[in-house]
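Number of protein chains: 2
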Amino acid sequence: MISKTAEYGLRAVTCLAAEAGTALSADLLAERTKVPRRYLTRVLQDLVAAGVVTSRSGPRGGYLLADGTIDRSILDVLAAVAPIERITSCPLGIGAHKSLCPLHRELDRAYAATEAALAAVTIRQLVTSTDPITPLCAPGRRTKSTVAQGKTAQGKKG
Amino acid sequence: MISKTAEYGLRAVTCLAAEAGTALSADLLAERTKVPRRYLTRVLQDLVAAGVVTSRSGPRGGYLLADGTIDRSILDVLAAVAPIERITSCPLGIGAHKSLCPLHRELDRAYAATEAALAAVTIRQLVTSTDPITPLCAPGRRTKSTVAQGKTAQGKKG
Numbered sequence: 000m001i002s003k004t005a006e007y008g009l010r011a012v013t014c015l016a017a018e019a020g021t022a023l024s025a026d027l028l029a030e031r032t033k034v035p036r037r038y039l040t041r042v043l044q045d046l047v048a049a050g051v052v053t054s055r056s057g058p059r060g061g062y063l064l065a066d067g068t069i070d071r072s073i074l075d076v077l078a079a080v081a082p083i084e085r086i087t088s089c090p091l092g093i094g095a096h097k098s099l100c101p102l103h104r105e106l107d108r109a110y111a112a113t114e115a116a117l118a119a120v121t122i123r124q125l126v127t128s129t130d131p132i133t134p135l136c137a138p139g140r141r142t143k144s145t146v147a148q149g150k151t152a153q154g155k156k157g
Numbered sequence: 000m001i002s003k004t005a006e007y008g009l010r011a012v013t014c015l016a017a018e019a020g021t022a023l024s025a026d027l028l029a030e031r032t033k034v035p036r037r038y039l040t041r042v043l044q045d046l047v048a049a050g051v052v053t054s055r056s057g058p059r060g061g062y063l064l065a066d067g068t069i070d071r072s073i074l075d076v077l078a079a080v081a082p083i084e085r086i087t088s089c090p091l092g093i094g095a096h097k098s099l100c101p102l103h104r105e106l107d108r109a110y111a112a113t114e115a116a117l118a119a120v121t122i123r124q125l126v127t128s129t130d131p132i133t134p135l136c137a138p139g140r141r142t143k144s145t146v147a148q149g150k151t152a153q154g155k156k157g
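Chains as they are written, first to last, in numbering that gives the first Met the number 0: chain S, 0 to 157; chain E, 0 to 157.
Bear in mind the hints are in silico, worked out from the structure with no lab data behind them. Some hints could be false.
Note that identical chains are pooled: a pair holds if it fits in a single copy or bridges any two copies.
[Claimed, not checked] Here are the simulated EDC-like cross-link-like pairs (lysine to aspartate or glutamate), alpha carbons at most 16 Å apart as the crow flies:
#1 Lys3 to Glu84
#2 Lys3 to Asp45
#3 Lys3 to Glu18
#4 Lys3 to Asp107
Produce the complete structure using the sequences and hints provided.
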């Protein structure tokens, strides 16, 4: 249900979170996230503009997670690139509907439930999960985040 | 977040529910729901095929709610025209991901929360709400459902 832009932004952020402290090039990010390079560049620009990601120039340059992003929620990251569009006024444009009708109020309540679920999970939780499947990682790829926690990632499924 | 098709299908069903027992023409439905006529026809075909709506031919023909639809949930109606696409396999196509990674598992949990919210509300609840705003109704329009409940719809805002 989230947009393609939102999905791609979350993939990029999760990938950067798994490599905390290391700058990744747009080419490498595109490869790991399986997002078309040009599309990803636009999403990264939005993430940088929103302060979720930073970019570093130079030979060891690339994209890094901004300070604090690791403890922000999935919803926060979505808000930076493609916020969930809540229903705030009558989609039919009925002028007399100064508040939402029961149909659109219930739809908006469902969107609020989606937001609440996404607000309850941080990026850190995604990359420090004990789940055998590592986000976005090809089998056997050892990530810094798993090393940092003293776990051996070798032989993991994900 | 729901698709345009889903939104249009829900408008049509809610409109028919408010006129329970009376067949409405596609033209009238298109006018009330503010959905383009051709688009609405396709949506109505899907609703008929799914048994949510029935069609009646003849001079007093048109579309009616099928038996039982009034007590079905918003989610049931969505399922007939444009189901919420749950995440059941790795969107990146990583073969080794036999189950969802933490990122996509959390996204799917959020979708489950959306579904649960929509499953908790019936079409009847939408059209018998005591809310001053009547779904899809222009100001002052008196609907059969409000008459049936012994309420006066005149002077209502919505």
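We went through each hint and held it up to the structure:
1. Lys3 to Glu84: Result: close both inside a copy and across copies, 14 Å intra and 13 Å inter.
2. Lys3 to Asp45: within (14 Å within a copy, 26 Å between copies)
3. Lys3 to Glu18: neither (23 Å within a copy, 38 Å between copies)
4. Lys3 to Asp107: Cα proximity of Lys3 and Asp107: across copies only (15 Å, versus 21 Å in one copy).
Hint check: a violation occurs at hint 3 only; the rest are consistent with the structure.
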